[in-house]
Every structure is written in structure tokens, then in C-alpha cells.
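Engineer: Sequence lines, in order, name chains G and U. Residue 83 in the numbering used here sits at position 78 of the first sequence, and the numbers go up by one each step. Residue 204 in the numbering used here sits at position 93 of the second sequence, and the numbers go up by one each step.
A portion of the hints provided could be inaccurate.
Claimed, not checked - FRET-style restraints, in silico, Cβ to Cβ: (1) G:Ser-184 to U:Ala-168: 46 to 56 Å; (2) G:Pro-172 to U:Lys-313: 54 to 64 Å; (3) G:Lys-285 to U:Asp-323: 55 to 65 Å; (4) G:Val-183 to U:Ala-168: 18 to 28 Å; (5) U:Asn-307 to G:Val-168: 53 to 63 Å; (6) U:Gly-363 to G:Ser-124: 45 to 55 Å; (7) G:Thr-170 to U:Leu-142: 33 to 43 Å; (8) U:Ala-168 to G:Lys-316: 37 to 47 Å.
Stated by the list, open to error - With a straight-line Cα cutoff of 25 Å, these simulated SDA-like cross-link-like pairs (lysine to any residue) come out: (9) U:Lys-333 to G:Ala-32; (10) U:Lys-262 to U:Asp-198; (11) G:Lys-252 to U:Gly-278; (12) G:Lys-110 to U:Val-276; (13) G:Lys-199 to G:Pro-242; (14) U:Lys-350 to G:Val-279; (15) U:Lys-350 to G:Asp-219; (16) U:Lys-143 to U:Lys-314; (17) U:Lys-333 to G:Glu-213; (18) G:Lys-189 to U:Leu-280; (19) G:Lys-158 to U:Ala-338; (20) U:Lys-336 to G:Ser-124; (21) U:Lys-131 to G:Ile-268; (22) U:Lys-143 to G:Ala-71; (23) G:Lys-179 to U:Asp-284; (24) G:Lys-252 to U:Arg-301; (25) G:Lys-179 to U:Ala-338; (26) U:Lys-360 to G:Ala-197; (27) G:Lys-72 to U:Gly-278; (28) U:Lys-219 to G:Val-279; (29) G:Lys-224 to U:Gly-363; (30) G:Lys-179 to U:Ala-171; (31) G:Lys-147 to U:Lys-127; (32) G:Lys-179 to U:Lys-113; (33) G:Lys-199 to U:Glu-354; (34) U:Lys-226 to G:Ala-188; (35) U:Lys-262 to G:Asn-243; (36) U:Lys-219 to G:Asp-112; (37) U:Lys-269 to G:Ala-71; (38) G:Lys-110 to U:Ala-322; (39) G:Lys-158 to U:Asp-240; (40) G:Lys-252 to U:Ser-145.
Quick caveat, the hints were computed from the structure, so don't treat them as lab data. Note that the structure is a prediction, hence the values are computed from the model and not measured. We put the CB at the ideal spot given by N, CA and C, even for glycine.
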Amino acid sequence: MAILVVAEHDNTNVKDATHKVVTAAKAMGGDVDVLVAGQNAGAAAAAAAKIEGVRKVLHADGATLAKQMAEPLEALIVPLMSGYDAVLFPASTTGKNAAPRVAAKLDVMQLSGVIGVESATTFVRPIYAGNAIITVEDNQAKKVLTVQPTAFKAAGEGGSASVETTPAPAGPFKSAFVSEEMAKSDRPELTAAKRVVSGGRALGSSEEFHRVLDPLADKLGAAVGASRAAVDAGYAPNDYQVGQTGKVVAPELYVAVGISGAIQHLAGMKDSKVIVAINKDEEAPIFQIADYGLVADYKTAVPELMDELTKAGL
Amino acid sequence: MKVLVPVKRVLDYNLKVRVKPDGSGVDLSNLKMSINPFCEIAVEEAVRMKEGGGGHAKDAATEVIAVSIGPEQAQETLRNALAIGADRGILVKADGEVEPLAVAKILKAVIEAEKPDIVILGKQAIDDDSNQVGQMLAALLDWPQATFASKIVLHAGKATVTREVDGGLQTLDVELPAIVTTDLRLNEPRYASLPNIMKAKKKPIDVKTPADFGVDTAPRIKVLKTAEPGKRSGGIKVKSAAELVGKLKETGVL
Chain G
6 MAILVVAEHD NTNVKDATHK VVTAAKAMGG DVDVLVAGQN AGAAAAAAAK
56 IEGVRKVLHA DGATLAKQMA EPLEALIVPL MSGYDAVLFP ASTTGKNAAP
106 RVAAKLDVMQ LSGVIGVESA TTFVRPIYAG NAIITVEDNQ AKKVLTVQPT
156 AFKAAGEGGS ASVETTPAPA GPFKSAFVSE EMAKSDRPEL TAAKRVVSGG
206 RALGSSEEFH RVLDPLADKL GAAVGASRAA VDAGYAPNDY QVGQTGKVVA
256 PELYVAVGIS GAIQHLAGMK DSKVIVAINK DEEAPIFQIA DYGLVADYKT
306 AVPELMDELT KAGL
Chain U
112 MKVLVPVKRV LDYNLKVRVK PDGSGVDLSN LKMSINPFCE IAVEEAVRMK
162 EGGGGHAKDA ATEVIAVSIG PEQAQETLRN ALAIGADRGI LVKADGEVEP
212 LAVAKILKAV IEAEKPDIVI LGKQAIDDDS NQVGQMLAAL LDWPQATFAS
262 KIVLHAGKAT VTREVDGGLQ TLDVELPAIV TTDLRLNEPR YASLPNIMKA
312 KKKPIDVKTP ADFGVDTAPR IKVLKTAEPG KRSGGIKVKS AAELVGKLKE
362 TGVL
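Generate the whole structure from the sequences, applying the supplied hints.
Structural biologist: Here you go:
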């Protein structure tokens, strides 16, 4: 069987998510090719060729692919699928945007956010924001998957796949890129961060939220998140929201400050490797899932934590 | 301008998800079901296009039609949309799980009959977390799409949509008709007032079946089992920040 992995890249570098999706593809068995679709993306294609276990890299380059928008990706990938049994996208906003278009055009159901590959036809994926895990059988002739990169180990470097060029779709398309505004913060992106510091309603105001959490996040090199309660109260913007109706994160370290631990929040962070909870309410549900709980007022606990982190050389 | 808003009935987001002990699925019996939160945002946006507000001119939308595919009780979900301000509803009655591809095919047929200028729907349902219907629908119709929208500005013949993408925001122009899927920041849905809830009861709901549109809803994917996620082992309480940092160093996360 032949599997196509759609690379996550910025035209220069191939992101780690690609290496992880390659691992998921290899678990299905068969030949794994990587598609690098972009503009002036030769460097990214060359980087993809170094991923271990990749048979070949398909490089499509052109103005229509500059922003990897859904319609040109659909136009590019659907015809390529005559040569593949499956196509795997990272479950990034780019992958989630394009994959269902490809699936619909192939008249197949897509599997979203796959976290386990048991065989070429059996997959594991979360539903209800990870509160239930389903094992599914996909016997469709063509398979379209988005893969949760955090669930797989990155394939190594050291491969030397050939790079083949394939034409970019000509267009025109009915959507046009206008502008983008990427977060200028030096902090990592919430869903990809290795460490996350999150605040809840206990912080009491937007000023307090940032006064307390921003320095802690900077010290830890962490992204900042918030509970829905904090977002609803206006302490943090909506894109900070971690939870069932917000973002699902699984960092190595998750520090919950003044978060009680409503079900909907836990759904968004319970797969974090190590969870720390700081809350003055001993009975807060967050302590039931926290690896390390500190029953204390954040007003004293966070400054103390900052001092201890400084002492520890951070 | 006519706006169509598909909505889904799901387990209320505040309720705990319980997996059936025999692994055959999630137990939904006797639990409160609600409109999917992202769908509610879609309805709110459509109604603002009609009423004016949220940056939209009054009467930018002339009619808002809510559509739901689901069991008889999905009527309640439609009533919820009507109480927010949608004008009429269409229920496509289907029992059991209808996969996103089949949902998209049914919606395509509804859209071909209703001819809306814009379709606004939730980016995903909080039950199956598929995040597929909007994109699939756009592909089936050969329409442009703007997913994960945090801002929609309507112009003659096009919409400028700001999207929440990994690491920031992206703004697109899409020619109308188009599909837009909503993200959380787009708006904050209102609480329907009692008079509007009463009014909603009198608004028309048309009832159809997938067969009326010639769509086969037989599932393509077989669910072999449903399991609880791995439980976290109970942690420990630490007495001080110093002890906490010590533990974190031991585990290697610092």
C-alpha cells in the first residue's frame, strides 16, 4: 500500500508534526511519500527528504499554494490520490481545513484526530474531547486521516528520499488570501507548547491574570491558557481557552493556577504529562487529576514558585 | 441575503461523558441534550446579520433558516435556534449516527433547494469532534470556505473572514456563496428571552427525511469499541513551592 503524508511546513522548514505523522503512516505499513505543497518551498522539500523511512517527496510549488489554503490543496491532492491508498494530514489548522475537502471529493469518510494506528484499517481516535476513545475500522478503498501529532513519536532524520516535482494547481480559486497576523509573542503556541500555564476565575481580573501568569509563563518558556470561566469573565481572550469548547492541549507540564477543574476544562488538558494545580480550595476537583497539588492562595504561591524556579536556575 | 445555519443536537457540554460498561458507546440516556456550542455561535452570527449588530448592517440577512439532521428531538435544537432569532427550521429526521459525509450530502441537497448566499455552521460538534461537515459541504458544492472564523465582514458578493489558525489569525476574501465555520471568538450567543422562546414555538419547522434527498446514511466507518480514556493515577499534595520544584525536577519536566 502507498500512503501520502501532507507535510506541515513554512516553505523553509518542515515542522516536527510531519515527522510524527510519518510515524503514524509507517504503522499502517507500506510505502510512505511526503507531499510538500508551498511556494519557494525547495528547502522544506529537501528537509522532508531527510525524514527517515520516506520513499519519495512530492514537491508542488506555486503561487496558489503559498498559503496552503483548502481549495488549492484539494485541487492538488485529489488527482494524486489515484496513486495512493491513504492520505494523512497533521491535525493542524491547515490539515483540518483541507482534509475533509479531499475526503468529500473522493466520496469517503474521514477519520479526525487519530491517536493510534492498530493496523492498516484499524484506528483509535478520541471523541467528546478525549472523554471517550473509540477504535474504528475503516475499510474504504481510499483513507483520509488527520493525525494528532502529539500521539506519535517523531520519525528520525537520516533518510535520503528523492524529490519529485509535481505541478501546482493553476486556479483561479474562489477564496483569496488577504493578510495574516501571527502572534508576536515569544511564547510558544498553546497547542504545540511543551509547557502551559493556565489561569482560572480565581485570578479575579484581566490585569491580575496577566500580572500573575505572564512572568511565570516567561520563566517556564510556557504558553498561557485559561479556563472557560476566566474567559467568560473577560480575564483572558477566547483563544486562550483550554477545554472542551476551546483548545485541547497535552504539554509535558501543565500548571493550573486558580482553576477549580470543571469537567469541560479537564477535557482539554487531562492528557498533559505532568499536571500541577495551585488552588486555595482543598476540595477543588482539579486536585483529583493533578500529579502535584499545592493547596495555597496563588497570591503567595506563585511568587514563591517564581523564587524557587530562579533558585533552580530557570 | 439568505443565510442557512445547520445545527446539531449534542450532549450538554457541562455534563460528564459516561462510556457504557459494555464498550458499545457513550451513555446518553436521560441526559440533557443541547445545541452544540459552536452551532449556537453560528445561529447568533446569522441573526446579527439580520438584526444588525456585531458589525453587520441591519437587514444584511433577509432570512435565517436553521437546519438540523437528527432524531425527532432535534426539533428542540431547532426551537433553540428559532428562539435566538432564526425565521424557520428544517428537520431532516434520521435516527442513529449520521456521519459527516452523509450530513454534508443532505445539506448540499437542502442548499440546492433553498439557495442561500452564505452557510454558517459550527467548526465541529463537541460529541464526535470530527470538524468535517463545513469543509466537505464546501467541496461537494465547489464553494469557497473560511473555517474557524473569528470575524465575518459582508460585502457585495463576497465576505472577508478572519480565521483562527495555529499561531495567529488569517484573513481571507471568499466569493459568495460560501461556507463559513465558526470558532469561539466570533461572538457570544445571547440568552433567548422568554417572549422569544414563546414566539419560536409558532415558527414553522419543515420535516424531511434523508430519503427525500436521496442520501444513503449507512455508516462507512465501523466503531469496534468505545472505551474510557486512561485514568490518571492519583497525585500527591505538596506543602510548598520548594517541594513542588523539587518534584518537578525529579520527574524531569524542568
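Engineer: Give a verdict on every hint.
Structural biologist: For each hint, the structure was consulted:
no.	hint	verdict
1	G:Ser-184 to U:Ala-168: 46 to 56 Å	23 Å, violated
2	G:Pro-172 to U:Lys-313: 54 to 64 Å	57 Å, holds
3	G:Lys-285 to U:Asp-323: 55 to 65 Å	58 Å, holds
4	G:Val-183 to U:Ala-168: 18 to 28 Å	20 Å, holds
5	U:Asn-307 to G:Val-168: 53 to 63 Å	60 Å, holds
6	U:Gly-363 to G:Ser-124: 45 to 55 Å	33 Å, violated
7	G:Thr-170 to U:Leu-142: 33 to 43 Å	54 Å, violated
8	U:Ala-168 to G:Lys-316: 37 to 47 Å	59 Å, violated
9	U:Lys-333 to G:Ala-32	20 Å, holds
10	U:Lys-262 to U:Asp-198	23 Å, holds
11	G:Lys-252 to U:Gly-278	13 Å, holds
12	G:Lys-110 to U:Val-276	24 Å, holds
13	G:Lys-199 to G:Pro-242	21 Å, holds
14	U:Lys-350 to G:Val-279	17 Å, holds
15	U:Lys-350 to G:Asp-219	24 Å, holds
16	U:Lys-143 to U:Lys-314	23 Å, holds
17	U:Lys-333 to G:Glu-213	49 Å, violated
18	G:Lys-189 to U:Leu-280	11 Å, holds
19	G:Lys-158 to U:Ala-338	23 Å, holds
20	U:Lys-336 to G:Ser-124	15 Å, holds
21	U:Lys-131 to G:Ile-268	18 Å, holds
22	U:Lys-143 to G:Ala-71	45 Å, violated
23	G:Lys-179 to U:Asp-284	8 Å, holds
24	G:Lys-252 to U:Arg-301	22 Å, holds
25	G:Lys-179 to U:Ala-338	42 Å, violated
26	U:Lys-360 to G:Ala-197	22 Å, holds
27	G:Lys-72 to U:Gly-278	14 Å, holds
28	U:Lys-219 to G:Val-279	45 Å, violated
29	G:Lys-224 to U:Gly-363	16 Å, holds
30	G:Lys-179 to U:Ala-171	21 Å, holds
31	G:Lys-147 to U:Lys-127	35 Å, violated
32	G:Lys-179 to U:Lys-113	19 Å, holds
33	G:Lys-199 to U:Glu-354	22 Å, holds
34	U:Lys-226 to G:Ala-188	38 Å, violated
35	U:Lys-262 to G:Asn-243	13 Å, holds
36	U:Lys-219 to G:Asp-112	14 Å, holds
37	U:Lys-269 to G:Ala-71	22 Å, holds
38	G:Lys-110 to U:Ala-322	22 Å, holds
39	G:Lys-158 to U:Asp-240	23 Å, holds
40	G:Lys-252 to U:Ser-145	20 Å, holds
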